[in-house]
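Participant: Quick mapping for you: the protein sequence lines, in order, are chains V and L.
Everything in the first sequence is counted per the working numbering, starting at 1 for the first residue and increasing by one.
Everything in the second sequence is counted per the working numbering, starting at 1001 for the first residue and increasing by one.
Quick caveat, the hints were computed from the structure, so don't treat them as lab data.
Note that this is a predicted model, so its numbers are computed, not measured.
Note that the Cβ used here is the ideal one computed from N, Cα and C, for glycine as well.
Incorrect hints may have been included.
For lysine-lysine, the following PhoX-like pairs were computed, each having C-alpha atoms within a straight-line distance of at most 25 Å [stated by the list, open to error]:
id : chain 1 : residue 1 : chain 2 : residue 2
1  : L       : Lys1601   : L       : Lys1585
2  : V       : Lys27     : L       : Lys1150
3  : L       : Lys1237   : V       : Lys27
4  : L       : Lys1601   : L       : Lys1455
5  : L       : Lys1409   : L       : Lys1600
6  : L       : Lys1085   : V       : Lys27
Have a look at the derived ranges for each label pair, beta carbon to beta carbon [claimed, not checked]:
id : chain 1 : residue 1 : chain 2 : residue 2 : range
7  : L       : Ser1375   : V       : Asp32     : 55 to 61 Å
8  : V       : Asp32     : L       : Gly1295   : 23 to 29 Å
9  : V       : Leu42     : L       : Gln1463   : 49 to 55 Å
10 : L       : Thr1524   : V       : Asp32     : 14 to 20 Å
11 : L       : Gln1372   : V       : Leu42     : 16 to 22 Å
12 : L       : Pro1430   : V       : Leu42     : 18 to 24 Å
13 : V       : Asp32     : L       : Pro1471   : 44 to 50 Å
14 : V       : Asp32     : L       : Phe1145   : 21 to 27 Å
15 : L       : Phe1627   : V       : Leu42     : 55 to 61 Å
16 : V       : Asp32     : L       : Leu1388   : 44 to 50 Å
17 : V       : Asp32     : L       : Leu1462   : 35 to 41 Å
18 : V       : Leu42     : L       : Ile1022   : 53 to 59 Å
19 : L       : Ala1433   : V       : Asp32     : 44 to 50 Å
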Amino acid sequence: MGVIVILIIASVLVAGGFLLAFLWSVKTGQMDDDYTPSVRILFEDELIIKKKEIL
Amino acid sequence: MQVESFQYDNKTVRNFAIATIIWGVVGMTVGLWVALQLVFPTVLNLQPYFNFGRIRPLHTNAVIFAFVGNAMFMGIYYSLQRLLKARMFSDVLSTIHFWGWQLIIVAAAITLPLGFSTAKEYAELEWPIDIAITLIWVVFGFNMFATIIKRRERHLYVAVWFYIATFVTVAVLHLVNSFELPVTLFKSYSWYAGVQDALVQWWYGHNAVAFFLTTPFLGLMYYFLPKAANRPVFSYKLSIIHFWALIFLYIWAGPHHLLYTALPNWAQSLGIVFSFMLIFPSWGGMINGLLTLRGAWDKVREEVVLKFMVVAVTAYGMSTFEGPMLSLKSINAVAHFSDWIIAHVHIGGLGWNGMLTFGILYWLIPRIYKTQLYSKKLANIHFWLATLGILFYAIPMYWAGWQQVSMWKQFTPSGQLKYQFLETVTYMAPFYAMRALGGALYLTGAIIGMVNYFKTIGQGTLQANEEAQAPALEKAYTKHHGEHWHRWIERRPTPFLLLSLVVILIGGLVELVPTFLVKSNIPTISSVKPYTPLELQGRDIYTREGCYTCHSQMIRPFRSETERYGEYSKAGEFVYDHPFQWGSKRTGPDLAREGAGNLKKSNTWHYNHLEEPNAISTGSVMPSYSFLIDHNLDTSTTPLKINAMRTLGVPYAADYASKANQDLMIQAKGITDDLNKDGIKVPPNKEIIALIAYLQRLGTDITKK
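Could you build all of it, start to finish, from the sequences and the hints given here?
Facilitator: Here is the structure:
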């Protein structure tokens, strides 16, 4: 069962990496706005097409 | 603010889309073929290349890595660029990624029927292909992260997080599980043995489900479902919680594939606890997906894309409810090894991955080709065929599984097992036929979809480079001119410390792991001895032929199993098994003690049974292995194999490699002499002799005094 040590280390490394990513995301304000991102993605690419239609 | 103009790369998206469609139909056709092999075993098993044991891995690898894999990349390459407001970092890397992945698929499609297999489920590809996978995966990851770095949108939408988690975790899983010692160009031995190999394999296996079939597709759901419905996701907050909870829980769930096995109990319990907790983020995600359509269900009636997606998310909810339930010991005791599990995985595969993929394709192809869908009617027909196909597939399999287990566990009032194993096999025939019908419906739908997609492509023109505009990303901080990159780290002592720790850990692991693993292979049961050279060669034939796809080698501690198969399996019995062969499905009986106790059969029985299973066991669905009588055993590999095993810690004598073939011939001669008594004349250098030797060895160790 020695191999579980490897799996735990690998898993903890991955989890640790995600923890750092999580802390980074909180610190840099990724989580500050929990509404507009969901709306933003709906708008992005249509913008260009509309512009072209107007032109 | 400066507005920058750039172009989205739709060509790579298109390439992955076409690959998805083609490999999807191919993978599902192979699936239908294996399903029909269980209905017409004597007609559809074309030995040696197209026997069930060789092409069942072809089916699973094709649908997982070719169909779902390409679909994942298609969705990621489309959505990532738009979410980050940036073209993919490098067109060259995108092209290498695409063609590299297709080459890997072709290599898999060639090597698996040829019998090059590591015999570890969903990781069957041999070591050169494993290396290729690693390289292409790194190309994908580099391309993705470089795009993230040069993004024009500071906020990372939740889908991007799911993609990142997919890349990182699959990389780690693949590396750890594919740790193997090459023996020849297309043969390797798993570095781990027995229980350890089983734990690593299912740590990988379950996380492959989690991080190859689930997290990327959740990312796609969070992008394409709101897009298709043109409504924001029900709760962005919930999606964030969904993501972080899911990735922190998923990685520990693997041992639920090994309940009641020789895996230590505490490891099983650990797996159960995390598997059960997974229901919360999973259902949070499902609810989030379905509630996105609140107040828009009228659109679902009109929009075929949304129909596919609704069934996909519902199937996700069903399989993630069933998963935690199946991880409970009392339910697992019933369901494990049965056809129930086949139903469970196909709800996930056909329902969640398949339906979401088709939905995305119906949405995406008209968009990148600037045209309308060729036929909405055909798409609706596809939808209904697929949905009915899932039901026709899953319901007979749930029923079959339940019936099968009931028969396996049934005792007569006098305490005898009520059914022979073979009776449970023949009882399955109508269910297997119904399942094949369900699969055929689903495949028909996919083919209609393929026609529809290609017709749509034919009537449009690809916008290979789509114009886009976005303001440049403002720098969050400014660094001093000419500052060395290292100064940045130096200003941050804690991350620096952690980074150093990681580097040290990796170094330490590389040094320590091999020795450490070899030491832990010392048997705890003194009568367990390494395989003889002939048995070792026979075992390699067993793994090559994919016997594990139908036969387990793991007797669980239930009376219904110990009565049928003998003493329950002990961890110490598997210390020389590189790789472990516990299996996950009993289409045929368990073989852990095939050579011992009541199960022991004569060499002649094995010979006749391998040559023509149906002649010995009427109604058997096992393919014929008569080609093993003609094939010569390649004994030139024996010394290499013995030496490789020695490297892995199997205690053969130091100079044994040179003498191994003499012992091999003596043992083979013994078997052929025995067969000769029954009038079977076969030279000792045939593959069938080695396989018989291995089968006769199974489970005998602990009965020795």
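Participant: So, for every hint listed, does it hold in this structure?
Facilitator: Do the hints match the structure? See the list:
| no. | hint | in the structure |
| --- | --- | --- |
| 1 | L:Lys1601 / L:Lys1585 | holds, 23 Å |
| 2 | V:Lys27 / L:Lys1150 | holds, 20 Å |
| 3 | L:Lys1237 / V:Lys27 | holds, 17 Å |
| 4 | L:Lys1601 / L:Lys1455 | violated, 59 Å |
| 5 | L:Lys1409 / L:Lys1600 | holds, 22 Å |
| 6 | L:Lys1085 / V:Lys27 | holds, 22 Å |
| 7 | L:Ser1375 / V:Asp32: 55 to 61 Å | violated, 45 Å |
| 8 | V:Asp32 / L:Gly1295: 23 to 29 Å | holds, 27 Å |
| 9 | V:Leu42 / L:Gln1463: 49 to 55 Å | violated, 20 Å |
| 10 | L:Thr1524 / V:Asp32: 14 to 20 Å | violated, 55 Å |
| 11 | L:Gln1372 / V:Leu42: 16 to 22 Å | holds, 21 Å |
| 12 | L:Pro1430 / V:Leu42: 18 to 24 Å | violated, 49 Å |
| 13 | V:Asp32 / L:Pro1471: 44 to 50 Å | violated, 19 Å |
| 14 | V:Asp32 / L:Phe1145: 21 to 27 Å | holds, 23 Å |
| 15 | L:Phe1627 / V:Leu42: 55 to 61 Å | holds, 59 Å |
| 16 | V:Asp32 / L:Leu1388: 44 to 50 Å | holds, 46 Å |
| 17 | V:Asp32 / L:Leu1462: 35 to 41 Å | holds, 39 Å |
| 18 | V:Leu42 / L:Ile1022: 53 to 59 Å | violated, 31 Å |
| 19 | L:Ala1433 / V:Asp32: 44 to 50 Å | violated, 57 Å |
Going through the hint list in order, the structure does not satisfy hints 4, 7, 9, 10, 12, 13, 18 and 19.
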